[in-house]
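Protein chains: 4
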Amino acid sequence: MKKVEFFMLLLCLIGASFLVSADPPTCPADLDGKCSDSDDWQGDFFPEIPNIKYEGPSTKNPLAYRWYNAEEEILGKKMKDWFRFSVAFWHTFRGTGGDPFGAATKYWPWEDGTNSVSMAKRRMRANFEFLKKLGVDWWCFHDRDIAPDGSTLEESNKNLDEVIELAKELQKGSKIRPLWGTAQLFLHPRYMHGGATSSEVGVYAYAAAQVKKAMEVTHYLGGENYVFWGGREGYQTLLNTDMGKELDHLARFFEAAVAYKKKIGFKGTLLIEPKPQEPTKHQYDWDAATAANFLRKYGLVNEFKLNIECNHATLSGHTCHHELETARLNGLLGNIDANTGDAQTGWDTDQFLTDVGEATMVMMSVIKNGGIAPGGFNFDAKLRRESTDVEDLFIAHISGMDTMARGLRNAVKILEEGSLNELVRKRYASWDSELGKQIEEGKADFEYLEKKAKEFGEPKVSSAKQELAEMIFKSAM
Amino acid sequence: MKKVEFFMLLLCLIGASFLVSADPPTCPADLDGKCSDSDDWQGDFFPEIPNIKYEGPSTKNPLAYRWYNAEEEILGKKMKDWFRFSVAFWHTFRGTGGDPFGAATKYWPWEDGTNSVSMAKRRMRANFEFLKKLGVDWWCFHDRDIAPDGSTLEESNKNLDEVIELAKELQKGSKIRPLWGTAQLFLHPRYMHGGATSSEVGVYAYAAAQVKKAMEVTHYLGGENYVFWGGREGYQTLLNTDMGKELDHLARFFEAAVAYKKKIGFKGTLLIEPKPQEPTKHQYDWDAATAANFLRKYGLVNEFKLNIECNHATLSGHTCHHELETARLNGLLGNIDANTGDAQTGWDTDQFLTDVGEATMVMMSVIKNGGIAPGGFNFDAKLRRESTDVEDLFIAHISGMDTMARGLRNAVKILEEGSLNELVRKRYASWDSELGKQIEEGKADFEYLEKKAKEFGEPKVSSAKQELAEMIFKSAM
Amino acid sequence: MKKVEFFMLLLCLIGASFLVSADPPTCPADLDGKCSDSDDWQGDFFPEIPNIKYEGPSTKNPLAYRWYNAEEEILGKKMKDWFRFSVAFWHTFRGTGGDPFGAATKYWPWEDGTNSVSMAKRRMRANFEFLKKLGVDWWCFHDRDIAPDGSTLEESNKNLDEVIELAKELQKGSKIRPLWGTAQLFLHPRYMHGGATSSEVGVYAYAAAQVKKAMEVTHYLGGENYVFWGGREGYQTLLNTDMGKELDHLARFFEAAVAYKKKIGFKGTLLIEPKPQEPTKHQYDWDAATAANFLRKYGLVNEFKLNIECNHATLSGHTCHHELETARLNGLLGNIDANTGDAQTGWDTDQFLTDVGEATMVMMSVIKNGGIAPGGFNFDAKLRRESTDVEDLFIAHISGMDTMARGLRNAVKILEEGSLNELVRKRYASWDSELGKQIEEGKADFEYLEKKAKEFGEPKVSSAKQELAEMIFKSAM
Amino acid sequence: MKKVEFFMLLLCLIGASFLVSADPPTCPADLDGKCSDSDDWQGDFFPEIPNIKYEGPSTKNPLAYRWYNAEEEILGKKMKDWFRFSVAFWHTFRGTGGDPFGAATKYWPWEDGTNSVSMAKRRMRANFEFLKKLGVDWWCFHDRDIAPDGSTLEESNKNLDEVIELAKELQKGSKIRPLWGTAQLFLHPRYMHGGATSSEVGVYAYAAAQVKKAMEVTHYLGGENYVFWGGREGYQTLLNTDMGKELDHLARFFEAAVAYKKKIGFKGTLLIEPKPQEPTKHQYDWDAATAANFLRKYGLVNEFKLNIECNHATLSGHTCHHELETARLNGLLGNIDANTGDAQTGWDTDQFLTDVGEATMVMMSVIKNGGIAPGGFNFDAKLRRESTDVEDLFIAHISGMDTMARGLRNAVKILEEGSLNELVRKRYASWDSELGKQIEEGKADFEYLEKKAKEFGEPKVSSAKQELAEMIFKSAM
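These protein sequence lines map, in sequence, to chains A, B, C and D. Just so you know, we're using full-length UniProt numbering here: the first sequence kicks off at 1 and counts up by one. Just so you know, we're using full-length UniProt numbering here: the second sequence kicks off at 1 and counts up by one. Just so you know, we're using full-length UniProt numbering here: the third sequence kicks off at 1 and counts up by one. Just so you know, we're using full-length UniProt numbering here: the fourth sequence kicks off at 1 and counts up by one.
There may be inaccurate statements among the hints.
Copies of the same chain look alike in the list, so a pair counts if it fits in one copy or across any two.
Stated by the list, open to error - In silico lysine to aspartate or glutamate, DMTMM-like type, Cα no more than 20 angstroms apart, as pairs:
| # | residue 1 | residue 2 |
| --- | --- | --- |
| 1 | K443 | D248 |
| 2 | K281 | D99 |
| 3 | K426 | E416 |
| 4 | K77 | E169 |
| 5 | K245 | E162 |
| 6 | K158 | E417 |
| 7 | K413 | D355 |
| 8 | K474 | E422 |
| 9 | K426 | D248 |
| 10 | K121 | E162 |
| 11 | K158 | D389 |
| 12 | K297 | E278 |
| 13 | K452 | D137 |
| 14 | K158 | E455 |
| 15 | K368 | D242 |
| 16 | K267 | D248 |
| 17 | K474 | D355 |
| 18 | K53 | E391 |
| 19 | K121 | D355 |
| 20 | K267 | D242 |
| 21 | K413 | D161 |
| 22 | K172 | E55 |
| 23 | K175 | D242 |
| 24 | K213 | E71 |
| 25 | K261 | D161 |
Hints in this document: simulated from the structure, not taken from any laboratory.
Next comes chain A alone, as it looks inside the complex (with noise of 0.2 angstroms):
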C-alpha cells in the first residue's frame, strides 16, 4: 500500500464523521476570548445556544444550570474550583456514533468531510466556543484527535504543531488551558498489539515518540497534567503473550517517560487511568490496586497518580467510590473521570454520570483527599449514538455537571449535618481504647493479644446500622 493510501484510509477512519454538509457555516477568521462575556454573543458554531448559566433547580430551561453555580462558596472554595470540569475533545468533537455494528451517525454543521488540518483547525475553534459557551475552563485531548494523522511520524509531528498553534492563540486572554493531554496509541493499526507492551520493538519505539512529542505540546499549552491510558496494553490470550516481558517494557517506558518529563521541565502530574478490559481481554493496569502495585513493583509509585473512571470501575467489579477511596489511601488519587456505565451491560458505555447518590460518593472522597487540584473532573463521556442533534451535546454536558454540582451539595450536606459521621466514630469507638491504641502502634504481640482475649471474655460486637447510615445518606439528597 502507498503512503497517500494509506493517509486517505486513516482519514477515512479515523474521523469517520466528513463528506457531511454541503455548505459548511463560514469559519470566522477570529475568534478571541472577548466575546463571550457578552450575553448577546452568538459564535460561530453554536448560534443557537446561549451561554450556560445557573438557574436553580426550580427552571424548565434544559440549556440552564440546575445546581451547578460557578462562583458559588462551598466549603471555603468556588463550586468551579471543585470540580475544574473538563471538556474532551475526542468524544465531543470526534465522536461519531459509531459502534460495532453501526456507521457514523452525527453530522455536526461545522464538518466539511474532510480530515484536513483546516478542518482539525475549524473544529478546535468550535472547541473553545463550546467551553466558553458551558463556561468550562480545561480541556482534554489525544494527539490524533485534535490533528490529522500523517503518513510518517514527522508530518504527524507537523500536523500537531499547526492544531496545537492556533489552541495556544485561542487561550490567550482566557483561562482555559488543558487539564491533560495524552497520545492516542490504540487507533492505528500498528498499535494492535499494544504500544510499551507491543511484541514488536519499533512499536515501542513508535509510541515512545508519540507519547514524547504529546508530553511536549500539553507542556507547552500548560497543562496540568498527562495522562498514559493503557489502551492496548494488556493481551487478548496468555497463549500467545510472555506477560512477563510486557510488563517489564512498560515499566522501561515509565521510566523513559518521568526522565523525558523532567529533562523539559514538565511540572504536571503523570496519571495511569486504571481500566480492566475492552479493548482487550486483559488490560495491564486493571483496577486502582493492580495500577498501585505495578507502580509499587517497579519503583515508580512516587512519579505517579492514577486517574480513576467511574465507567472502568464499575466494568472492574468495584464502585466508583472504591476505586477512589483505593487511590486516595494509596496516596494516588490525582484526576477523575466523571462518566458512568450501565449496570446491565458488559462493556465501557461512558455515559455522562446522571445518578446523584454516585456523584456524592464521589464528592464525598474528593473533600476528604482536600480537593482534587492540579486534577480535575474531566467529561469521558459521549453522547448516545442515537443523540443527534447539536444541543444534545450541551444537555449532556449540562446534565453531568449538575449531577456533579449536587453530589456536592449533598456530600456537603451531609457533612455538616453530621450524623453519618458519628454513625462511623461510634463504630469504631472502641479502637480509641489503651489496647486499640497499643495494636495501632505495633506494640502489641500475639502473646499479649491472646492475655487481652481471654481476660476479655466473648467481645461485643454492635451492629452495623447500615439501613440506618443509607437512611441518613439518601435522606441527604
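The hints should help you fit chains B, C and D onto chain A, whose structure is shown.
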C-alpha cells in the same frame, strides 16, 4: 444468654450434620497406617470403597484413576510430587449441603448427631481413612471445623488440642501431613464485622489468639504452610466503614503473625488467599494484584505468598491462569486451591475442576514455576448439595485429580511438541535486537527512541496467530 | 434417623435463632387491635418503638416517615392504596443473619430458643405488633416459616392450623390481611431436586399436599393472592436432567393448583415469581418473558399473573422497570416484591430498595398499570447480617417505604410536568400518519411498503434525546 | 450533503478495508466448480492454501482436519450432513478488524480499496474459492455486505442483483447454496432506532423493502432459510421508548414477512436469532424463551424457528446447551450459529468455538433433535483483530470445524457407552410408577396427591450423582 445455651447454639449451627444416624458404625480403637497397604483392607468408615488405583483411560470403573498415576515420572518428577494433592477437611467432612435456601442434605453414616469432641475424633479417623484410600498425603484444616468451638477460648483450645493429639497419632508411620492449617474467622457471629479488620478491638484480639493457636497446631503437626483466608476482612458498604483504618489494622495483624511464626520456629510459608467478595461485598484481598499491592505497601512482600483459588479468580473477572501468572510474576505463587466455579453464576460454587483445558493452563504455570512445593493442590471443593452418597465423595476427588493429571500430561505434551513455545518466541523475536536489549536495560530514552522510530518508518506488525495457538493447544488434549 | 431426632435437626436448621434469651419478655394473654390507635401504646415486643408517623422530609427522626403519608391522596388514591405495603414474615421474623459462611447473628428478645408452636404463636403476635406500629395492613408468609415443620405432613398441618387460628384472631377488628401466602418448598432436604419438578414422584405428591394446605390457609385468612416461588424448580446441570419432563410436570402441577383454587372458591390471584438462578444454576421461571412463555405454551396464561421482584430482575440481566413493563405488556403484572440487589455482586441480596430513581421508574409502571391491586408491594427484603438491633427492623422498613413514596411522588411530578411524555409522543409522531395506521392495522404488505419506501426516499431520523429524557427525569427528584 | 458524498461516506464506513493493495492479484475471468476437485488446483485468491483434507488427530499440519472427516458416517449420517457447515460472508470477507477503539487491521490481497460492485464481485469469487478449498457447501450473507449500499434503495437493489447474478453463476455445477440470507438493518444510520421497531414509520417501510428484496434473492439462490437478526430491534432506555408499540410493530412486520414468503413460494424456514443486548441495551429477542413468548403472544409460533448462537446464549446468562434445549423443547430449534464468547468479557466476541466440552453438549442436543437440517452450523465467528494472515482465515475455520467434529464424536461415544443415559433414566425411575403416569396424564388432583403423600410418608430422595455424570462426560473426550 447463658454460656451453655450459646454452646448448644453453636453445636446446631456449625456442624449442622448431626442427630442423624441412630446407629453409627462401630468406631475402631485404633487405625494405623499399615492396613491401607493391603488391598483387602476395608476400613471402618468406607467399607464399600476400595483403595483407589490407577487403571488407565479405558477403565469404566468410577472408583479408579484414569490419568493420575502417583508414582509415574513426568518431566523428572513423580506425579504425586507435582501435585501434592490435599483433601480439605471442612468441605469433605463438615460440608452439610446447606445453602442460603436449604438445610443440610448430607447424613454421613459415621456421624452420631453430636458436635462433641468424641465425634470430632471419629471424624478425624474417617479423614485419615479417606486420605489413605484415595492415596493422598496431605490434608488442610480450619481450626473450628476439626474440633468443636467451646464456650470460651480456653475450652476451644482444649478441644482443639485433643483432636490434634489424635491427628498427630494418626499421622505416625504415614507420610500424611497438613499441607496447611488456618483459623476459621468467619462463622461465629463475633466475626460478623471481620477478624483483623473488625470495628471492635476485642474481636481483633480474639482473632489474634485464635490465629496464634492455629499456627501452633499447624506447626506441631508438621504442616508446611499456614493460610490466611480473608473471610470477612472487607466491607459491606463504605458508608459505615473506615477502610484506611481497617487496612492498617490488617497490616499490624500480619506483622504480628510474622513475628510469632519466627518466635515459634515455624518454617512454613504464610499464605494469603485472594477472594474478591462473598460473604462481604468487597474483600480486601480482592485478587492477586490487590494482595500484592497490600503486601508491598506495608513492607510484607517478602514474608507472604499467595494461595490462588481458581473459583476466586473467575469471581474477580480473571482466568485462573491469569491469577497464577500474576502471582508467579510477583514472586508470590505459593499454593493452589484446585477448584472451579460455574461460568454463569455469580457466587463461589467451589466445584471440583473438571475442565481439562483450564487444568492444562494451570499446569503450564506450575511447570514454569518449577513446581509448587512446599505448596500443593488443595481441593477446596465440595460435593453438590444434591450429591448425597458416600461414594460421591470419592468420585468427586478422583475426577478432580484425574482432571489435574490430564492437565499435567497435556502441558508436558505441549511443551515437548514445541510449536506453541516457538510461536511465542517468534512473536517477540524483534526484542532480541540491539534496540530491544537497550530498552530492556533501561538505556533507551525518549529522544533516542524517537530517533529510531524516525529511522525505521512504519513498523512491521505481524499476526498474533491466536487461532493457531488455540489449535495447537486444543490438539494436545 | 428417628423422627424425633429429625424434628430436632429441623429445629436447629430452620430457625437458627434460638436458645438465646434466658429471660424472654412476658407474652401478653391478648393483643387486640385497639391499643395500636393510642399514641402511648407500648406493646409487648417493641416497647421502645413508637407508632411510626409521617413527619415530613425535614425530620431527623429515623423512626418517622419523611415521604410516606398513608392517608395523603395522590392522583385520586391514598398513598396506602397505591402501595398496599406488606411485611414479609420470613425475612423479618425468621431471618437469622446466617449466610453461606456464617452462623445466625440476630437474637431477638422475644425468641425463647425453641422452634415450638408456642414460640411460633408468640412470633405471630410480634408480627402483628410490628405491622401496627409500622402502620401496614398486609403481611406475607411461607407456611413453614410461620409454624414449625412436623415429623409428618399431618403434624406440620396441625402446627400450621394452630398458628393460623391465632393469626385469624389477631386479624379480627383490624384491616390486616395476608397480601399472599405460599408454600415453602425449598428448605427441607426432600426438596433438594425441586418440588413439582423433582426427579422423585413422591416429592411431587408431597409438594402438592403442601401447596393444597397453604392455599387453604391463605384463603381462610382472607389472603388476596397466592404465590408460587420457583425455589428449586430448575436444574444444576443438564447432564443429569430431563428438562422436558420436568417442565411438563410443572405444568400438570399448576393445572391442579388452578383446579383446586376453583374448587375451594379462592378468588385471589395465582402468582408466579420469576427468578433466574440461586439456589439452582437455572430456575425454570428465569424472568418475566420466560414465565410468560411457559404459561402460554401450557395454556395457563389466563390463570396466572407474575410477582416481579426487583432483585431477581437485575440477576437476570434486566432492570426492574423492564421486568415490570414486560409483565404489564403481557397482561401479567400482579404483584411487586419491592427490594433491590447490589450492582456489584452476583447473588440475591434482597436489600430494601433505597434508590429513588429506581423507585420512580417502578411507580411509573404501576401508574400505567392503573395501580397494582389486588397485588401490592411486599418487602421481600432483609436486614443485613450485621444489623442486629431491633430498631434496625423498623429503620429498614421505614427507609424502604419512604423510598417507594418518593418514587410515587416523583413519578406523579414527571407525569404532571408533562415534558417527558411529550418527548416520547414526539418521537413516535410519524406513526400517527396514514401509513402508520395501515401498518398497525395489518394492512401494509411488503409490496406496498416497498412502494412507499421508494416514494419517500431516505427517511428522516430524529435524535432520540436520551440525555434530555434523563435530565427531565432526574430533575424531578 | 449530496448523494454522491453520502455514497462515498458509506464506502468508507461499511467496508473499511480498502485503498490497501496497490497491486491486486489478477482476477480470473471465470472460476467454475471443476478445478476444486483437482489436488493441484491453486486458485486465484488463496494460491498458497491447499484443499483442506482430513489427516487425522496425529497430524501436525495446521491446514488439515484432525477430526472432521466429511464423508465419514456417524450414526447413519455423513459428518457433513450432521453439520451442514456454512461460512459467514460478513465476518470472513467483510471483517476489517475494527473495534470500538481501533481501525481496520486486515488488508486482504484481493481487496482493491474500493467498495465498488466490481470489488464486490471479486470478493464473491474469493468466497467461492474459500468454500471449495475448505470443502464447505453452504454460505450465509447479509445483503449489504455482499453488495455495496447505493444512494437509493433502487441503486442498492441493482447492486445486489449484479452480485447475486454472479453468485448464482458460481453456484452452478457445485452443491454450494446459501444456508440462509438476511437483510442487514443495523449499520446504516437510518436504522439507529431499529428497523421494524424504529420510532420512524419511514424506516419501518424501508426495512420492509429491504427484507422483501433479501428474501427474494435468498429464494433465487436456493437458500434454505431466511434469518431475522434483531440488530437494533430493542431499546437504549425505557424513558424514551414505547415498548408496547414497538413490539406490536415488530409482530406486524413478521406477519408481513410470512405472507410474502408464501406469496413468492419460498419454502425455507424463517428464523429469529435471539440476542440479549449489544448494540442496544436491550434487544427484544433477548433469549430463546423470550423469542418464543413473543411468537406465541402474536400467534406466529408455527411460522418461525430460532437460530441459536452460542455467544448470545452466554451473554444472556445461559449455556449454549440450555438455549438449544429450550429451543428444541419449544419445537423451535432451526439453526445454530457455531461460535463462542469469552467467559470473562461482557460483549459479543464471536470467536470460533474451541471448547470440546461445549461442542459435545451442542451435539447431544442436535442428536436429540434428529439433526438440524434444513438448518446447519453457520460460523458466525470472526478472526481476532490481531490475526492478519490470510492463512488465519483457514486455520480459524478448520479449528472450529474440528471442534464440532470432536463434539459429535464424543456425543456419540457417550450415547453408545450408555452410562450417562442410564444415570438419567434411574434418576427419574419413580415416574414410571402408576402415580407417575396419573400425574403425567393430568389425572392426579391435589386431594388425591395429598392422600398419596400421607400414605407414602417421607419420600425417598436419591443422590443426583452430578460428579459421576461429569466424570462420565469428561472421560469420553
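Quick rundown of the hints versus the structure:
Taking identical chains as interchangeable, the C-alpha atoms of K443 and D248 lie at most 20 angstroms apart only when they sit on different chains, with a minimum of 14 angstroms there against 38 angstroms within one chain. For a Cα distance limit of 20 angstroms, the shortest separation of K281 from D99 qualifies both inside one copy, at 18 angstroms, and across copies, at 13 angstroms. Only within a single protomer do K426 and E416 lie at most 20 angstroms apart by alpha-carbon distance; the minimum there is 17 angstroms, versus 44 angstroms between protomers. Proximity of K77 to E169 under the C-alpha cut-off of 20 angstroms is found in neither arrangement, the shortest distances being 30 angstroms within a copy and 63 angstroms between copies.
Taking CA atoms no more than 20 angstroms apart as the test, K245 paired with E162 passes in neither setting, with 38 angstroms inside one copy and 51 angstroms between copies. Neither within a single protomer nor between protomers do K158 and E417 lie at most 20 angstroms apart by alpha-carbon distance, with minima of 56 angstroms and 50 angstroms respectively. For the homomeric pair K413 and D355, the shortest alpha-carbon distances inside one copy (17 angstroms) and between copies (18 angstroms) are both at most 20 angstroms. Taking the shortest Cα distances, K474 and E422 sit within 20 angstroms of each other inside one copy (16 angstroms), while across copies they are farther apart (30 angstroms).
Taking the closest pair of Cα atoms, K426 and D248 come within 20 angstroms of each other only across two copies (18 angstroms); inside a single copy the shortest separation is 46 angstroms, beyond that limit. In the homo-oligomer, the alpha carbons of K121 and E162 lie at most 20 angstroms apart inside one protomer (8 angstroms), although the nearest pairing across protomers, at 43 angstroms, exceeds that limit. Taking the shortest Cα distances, K158 and D389 never come within 20 angstroms of each other, neither inside one copy (33 angstroms) nor across copies (33 angstroms). For a Cα distance limit of 20 angstroms, the shortest separation of K297 from E278 qualifies neither inside one copy, at 24 angstroms, nor across copies, at 28 angstroms.
In this assembly of identical chains, the alpha carbons of K452 and D137 never lie at most 20 angstroms apart, being 58 angstroms within a copy and 38 angstroms across copies at closest. In this homomeric assembly, K158 and E455 come within 20 angstroms of each other (Cα to Cα) only across copies, at 17 angstroms, whereas the closest approach inside a single copy is 76 angstroms. In this homomeric assembly, K368 and D242 come within 20 angstroms of each other (Cα to Cα) only across copies, at 12 angstroms, whereas the closest approach inside a single copy is 40 angstroms. In this homomeric assembly, K267 and D248 never come within 20 angstroms of each other (Cα to Cα): the closest approach is 26 angstroms inside a single copy and 32 angstroms across copies.
Both within a single protomer and between protomers do K474 and D355 lie at most 20 angstroms apart by alpha-carbon distance, with minima of 12 angstroms and 8 angstroms respectively. Taking the shortest Cα distances, K53 and E391 sit within 20 angstroms of each other inside one copy (15 angstroms), while across copies they are farther apart (46 angstroms). When the C-alpha separation of K121 and D355 is checked against a cutoff of 20 angstroms, the pair qualifies neither within a copy, at 35 angstroms, nor between copies, at 45 angstroms. In this assembly of identical chains, K267 and D242 lie within 20 angstroms of each other by CA distance neither inside one copy nor across copies; the values are 34 angstroms within and 33 angstroms between.
Within a single copy, K413 and D161 get their C-alpha atoms no closer than 47 angstroms, and across copies no closer than 52 angstroms, so neither meets the 20 angstroms cut-off. Taking the closest pair of Cα atoms, K172 and E55 never come within 20 angstroms of each other, the shortest separation being 29 angstroms inside a single copy and 56 angstroms across copies. With identical chains, the CA atoms of K175 and D242 are never at most 20 angstroms apart, being 46 angstroms at best within one copy and 38 angstroms at best between copies. Taking CA atoms no more than 20 angstroms apart as the test, K213 paired with E71 passes in neither setting, with 36 angstroms inside one copy and 61 angstroms between copies.
Proximity of K261 to D161 under the C-alpha cut-off of 20 angstroms is restricted to the intra-copy arrangement: shortest distance 19 angstroms within a copy versus 60 angstroms between copies.
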